[in-house]
Amino acid sequence: YTDLCNEYPKAKIISADEIDHYSFRLIEIGKLLAQEPIDLLLVPLRGGLTPSIQLRVINRLTYPVHTLGFTAGSQEKNWPAIIDRIVHILESYRDKQRLCIGIVDAAISGHGSFALAQILKRVQPHFQGQSWLVNFHLLYAPTPYKTPVHAEGIPSLSETGTIFTTKFYEVP
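In the numbering used here, the protein residues as written are 1 to 172.
Hint data in this document are derived by calculation from the structure and do not stem from the laboratory. Any given hint could turn out to be false.
Stated by the list, open to error - Pairs of lysine-lysine residues, derived as BS3-like cross-links and limited to a Cα-Cα distance of at most 27 Å, are as follows:
| id | residue 1 | residue 2 |
| --- | --- | --- |
| 1 | K96 | K77 |
| 2 | K121 | K12 |
| 3 | K146 | K31 |
| 4 | K96 | K167 |
| 5 | K96 | K31 |
| 6 | K10 | K31 |
| 7 | K12 | K77 |
| 8 | K77 | K121 |
Claimed, not checked - Estimated spans, in silico, between C-beta atoms of each pair:
| id | residue 1 | residue 2 | range |
| --- | --- | --- | --- |
| 9 | I163 | P64 | 17 to 25 Å |
| 10 | D84 | P172 | 14 to 22 Å |
| 11 | V149 | D84 | 28 to 36 Å |
| 12 | E91 | A11 | 40 to 48 Å |
| 13 | V149 | D17 | 36 to 44 Å |
Built from N, CA and C at the ideal position, the CB exists for glycine as well.
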């Protein structure tokens with residue numbers, strides 16, 4: 001480990017213990033998804049792709065996965081295109097009375113995750129009569145924030161027929 005750190009001083013080298021801790025968190029998410037099944041997994045590309053692939057491989061998950069081009073998703077000027085994409089994705093689930101959406105993402109401040117929740121709240125009226133449960137599974141390192149502070153507000157966006165939850169997973 002030390003040799004690699006010296007050989008690649010600008011690279012983030014993680015230890016075997018950190019890999020074990022990170023893997024444990026992915027297994028924890030997989031167990032929750034087994035207990036509370038979802039209909040689909042939405043993956044914001046700015047930070048969710050790698051952990052979502054690892055989650056699926058480690059836990060052998062077979063949920064439909066839909067990626068969202070979300071690199072600047074928290075900027076409101078990009079919301080119309082993101083809303084259109086999500087509406088298109090969810091069309092095939094229109095006949096379900098209750099839709100359970102899982103979101104796996106990496107978060108720093110949680111600003112992007114909160115923006116995604118706001119976007120989903122705007123999408124939901126396109127699916128009148130359908131109730132939603134949207135579970136955010138957010139991986140974060142405790143720096144520079146103790147937790148993804150903006151994401152803590154996601155559950156406050158819940159309203160009749162649309163419930164937002166957040167689960168936080170500290171990782172190295």
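Okay, the hints, checked on the actual structure:
no., hint, verdict
1, K96 / K77, "31 Å, violated"
2, K121 / K12, "36 Å, violated"
3, K146 / K31, "25 Å, holds"
4, K96 / K167, "25 Å, holds"
5, K96 / K31, "24 Å, holds"
6, K10 / K31, "35 Å, violated"
7, K12 / K77, "33 Å, violated"
8, K77 / K121, "16 Å, holds"
9, I163 / P64: 17 to 25 Å, "21 Å, holds"
10, D84 / P172: 14 to 22 Å, "37 Å, violated"
11, V149 / D84: 28 to 36 Å, "29 Å, holds"
12, E91 / A11: 40 to 48 Å, "42 Å, holds"
13, V149 / D17: 36 to 44 Å, "27 Å, violated"
Of the numbered hints listed earlier, those contradicted by the structure are 1, 2, 6, 7, 10 and 13.
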